[in-house]
Amino acid sequence: MAGKASGERFDLIVVGSGPGGYVAAIRAAQLGMSVACVEADKLGGVCLNIGCIPTKALLTSAQLVNEMKEGERHGIMAKEVSFDLAPAQKRSRAVADQMNKGIAFLFKKNKVTHIQGFGRLMGEGKVEVEATDGTKTVHEASNIIVATGSRPRDLPVLTIDEDRIWSSTGALMQERAPDSLLIVGAGAIGMEFADVYASYGTRVTLVEALERILPLEDAEISKFMTRTYKKRGIEIHTSARFEKADIQADGVQVTFKDAKGEAHEVKVDYVLSAVGRVPNSEGLGLEAAGVKTDERGFIVVDGLMRTNVEGIYAIGDVAGHQLLAHKASHEGITCVEHIAGHGEGTVDYENVPNCTYCHPEVASVGLTEEQAKAKGFDIEVGKLPWVAIGRAVALGHADGFVKIIRDKKYSEILGAHIVGPSATELIAEFVVGRHLESTVEELEKAIHPHPTLSEGVSEGALAALGRPIHI
Amino acid sequence: MITKVHMEALSPTMEEGQLVKWHKGEGDAVSSGDILAEIETDKATMELVARGDGVLRKVILAEGGTAPVGDVIAVIAAPDEDISSAVGDAGGGAPAEGPQTAATSTPARPAKSENAGEAQARPASRGAQTTAAPPASSTDGGRRKASPLARRLAEDLGVDLALVQGSGPGGRIVKRDIEAAKEAGVTAPAPVGWTPDESEYEDVPVSQLRKTIAKRLVESIGPVPHFFLTVDVDMGRAVAARGSINAMLGQSGEKVSINDILLKAVAAALRKHPECNAQWHGGHIRRFNAVHLGVAVAVEDGLITPVIKNAHLKGISQIAREVRELAGRAREKKLMPDEYTGSTFSVSNLGMFGIHEFTAIINPPEAAILAVGGAEDTPVVVDGEVTVRPRMRVTMSCDHRVIDGAQGSRFLATLKAMLEEPTAIVV
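Note that the protein sequences, when read in sequence, are chains V and L. Following the numbering used here, the numbering of the first sequence begins with 1 at its first residue and continues without gaps. Following the numbering used here, the numbering of the second sequence begins with 1 at its first residue and continues without gaps.
Don't read these hints as lab results, they were simulated from the structure. Take these hints with a grain of salt, some might be off.
[Unchecked claim] With the Cβ distance kept under 10 Å, some of the chain L side facing chain V (calculated, not the full set):
id: 1; residue: 46
id: 2; residue: 47
id: 3; residue: 49
id: 4; residue: 52
id: 5; residue: 55
id: 6; residue: 147
id: 7; residue: 151
id: 8; residue: 153
id: 9; residue: 156
id: 10; residue: 163
id: 11; residue: 165
id: 12; residue: 172
id: 13; residue: 174
id: 14; residue: 175
[To be verified] Ranges of calculated distance between the beta carbons of each label pair, as one might list FRET restraints:
id: 15; chain 1: V; residue 1: 345; chain 2: L; residue 2: 1; range: 35 to 45 Å
id: 16; chain 1: L; residue 1: 364; chain 2: V; residue 2: 446; range: 37 to 47 Å
id: 17; chain 1: V; residue 1: 9; chain 2: L; residue 2: 227; range: 52 to 62 Å
id: 18; chain 1: V; residue 1: 352; chain 2: L; residue 2: 227; range: 36 to 46 Å
The C-beta atom is built at its ideal place from N, Cα and C for all residues, glycine as well.
Okay, chain V solo, but in the shape it has when bound (with noise of 0.2 Å):
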């Protein structure tokens, strides 16, 4: 143990700098605790370097292809036009550099202490971190929090290498279109990068376990997505069960049983898993600190992110619910706020939106139909398309429809579905309302801009009331 230099004191250690420690540093850090984030990799986590903010660059990169391609109606005559994976790869990596630079700039105006290699908890308020050249080095708090989050799940049949088998990171790491993509998973991961790579030209099949694709989406949501993307010349199989990846010099032969179990063998160029995210949880001296963590490796909390430990705190992926940004940033947030005695309410993890930036997008939050019928609400559906809406026309996107979901009793807003343009940025509007209880008729009763996409909420809220004006 000789070679252990003992560090500093703090009033909290946040472990990992991810979308959840890096807001709960800082948060704790305006609230005049002295804060330390410790990050084995580059800040920000995933999110920033190799999740939500590069794919985003990416899918933006993606839509102005696909606007080039339909060009000719805004008289852009770009029939040669060609397209090159290469400059928007580099200029996802720009921006995810960008936003790393950003988080080490708050964390120097805030006094956040920013540490930099692996920690470790060793109980008794202790954290261990070990540089990249293998110095460790104590430091103590008061408070720990755990922001590990979480990693790509590896398939037993499908072993992520990031050079045929990708993982989003491989994904996001190419510089050439390939011809051919076979993708397991159709989460938002494998949704956007289907769009990606298709809009880029290549042959992109689709392979989802479960019945549909984006299966936690509301099932009208999911057809209507099945449909856009089968025009697109996406494969989709569904109900399918990945069988074998067969690793060779030009390529990848997968086997696949669909629906009706039928064996389908195809030779594509990669693979790229998108099954879903595991903890983060191993190797942090969980055990020796005493902190539970349940079966699947999540760290068990309660509504305060407190852990079984006293002093130890676990938000993010790693504390499982949804795995989320926002959600993360929230529990950081909620978890430092009670820590320094200003607590106000636990996280509401019913009004977490979902969003998947596919084109159309598509974003959610609350109940599914399926879902509010199974709690046994009496509900009114209102379904509003988007070609009802002249911004949407105008715009050449009204592909699409607002969904929303009411409970005919209180007119409780139980769930809002939207697929079309702007859907992430939209979905907002219902998480405020439902935030605040509204009911649908203030969602209505709310004057609206015209003309606007925004226009589809409260069009769509008219709809569930059953006396829409525009369809």
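Fit chain L to the known structure of chain V by using the hints.
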């Protein structure tokens, strides 16, 4: 540069703090961010941090001392700077230090906003983590802060928003509060292992009147600090007076009751003790010259208090007529709103139910109510001899914000004297 060290709001609800320990002494160098002292707030012991650089020149609040938030408790300055002006600003909690401290004009205080509090608070220990702000009030200038959904739910479930404590930001009433209120109010858990047979109980719907009663009574017993005064009254002469009055009224067919005489006596006594004929209005106490007597009347599904307006100007027989007329229409639910509002003092008589003695709940904003038991023949000692006298026990509930014990007692003494010698009523 002089930096005044203020007692800071180290918790959102802190109004004053006690100085547990100074970490720096006079003459010690301090720099911004140094821990100056430990302060015990209403929640926990917190660290007070220096907001300036220099030397701790003057400690104004001694260890163990208490100061309100905003008061100057120490001064940081350069070693040779003149700090007399800063020390002079010290607030009430400071020990006298020269003639300057006599001036109690308060300096600009740091805002007690949540922001100010949180920017300065630093938990002194892990123990501080579980403190939570107390629930804020749900009322905002009379308006109940409630979400649209909560309002709908409340209306449908018959939950009175006025009785609900909001748990949302700023005390806003949200859905879960209504659900909790409904849960607490309507579906009280049955004893474990035993469910009453349906034939053993009857669920009686709550009428609008019953709802209003519930609301009003809870408003009363909650915020109104009650106390009770009881006195025994010898009713011998009042009973005799009733006999002669009724004999006089003989031909008219009218009759007066002991209660009518009591009401007249109450009105007359209140004229002599206007401090008991009063209402609490928050910023002021309103004392009435006129006596408008509320008379509690039992009706089928509750009670209502019709008002004998200007009772002090009316004769006993007129009071008797009005009581009978109003009570009759109260039972038929035909009272007009102006006939059951505006009372300045109330009387509730349960003597006819065989009640010997009870306490009544004040009807706000009135400040008192008189609970009257039945007149019963009771052995008492008069002039050293045990004798049987008709005695009646009355208990006055008083709002202590308006009426003090002595004031209430004096009123009761006057009332007792008037009932024991009814001619005093007309004097």
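Any hints from earlier that this structure breaks? Give me their numbers in increasing order, please. Checked against the structure, the hints that fail are numbers 4, 5, 10, 11, 18, while the rest are satisfied.
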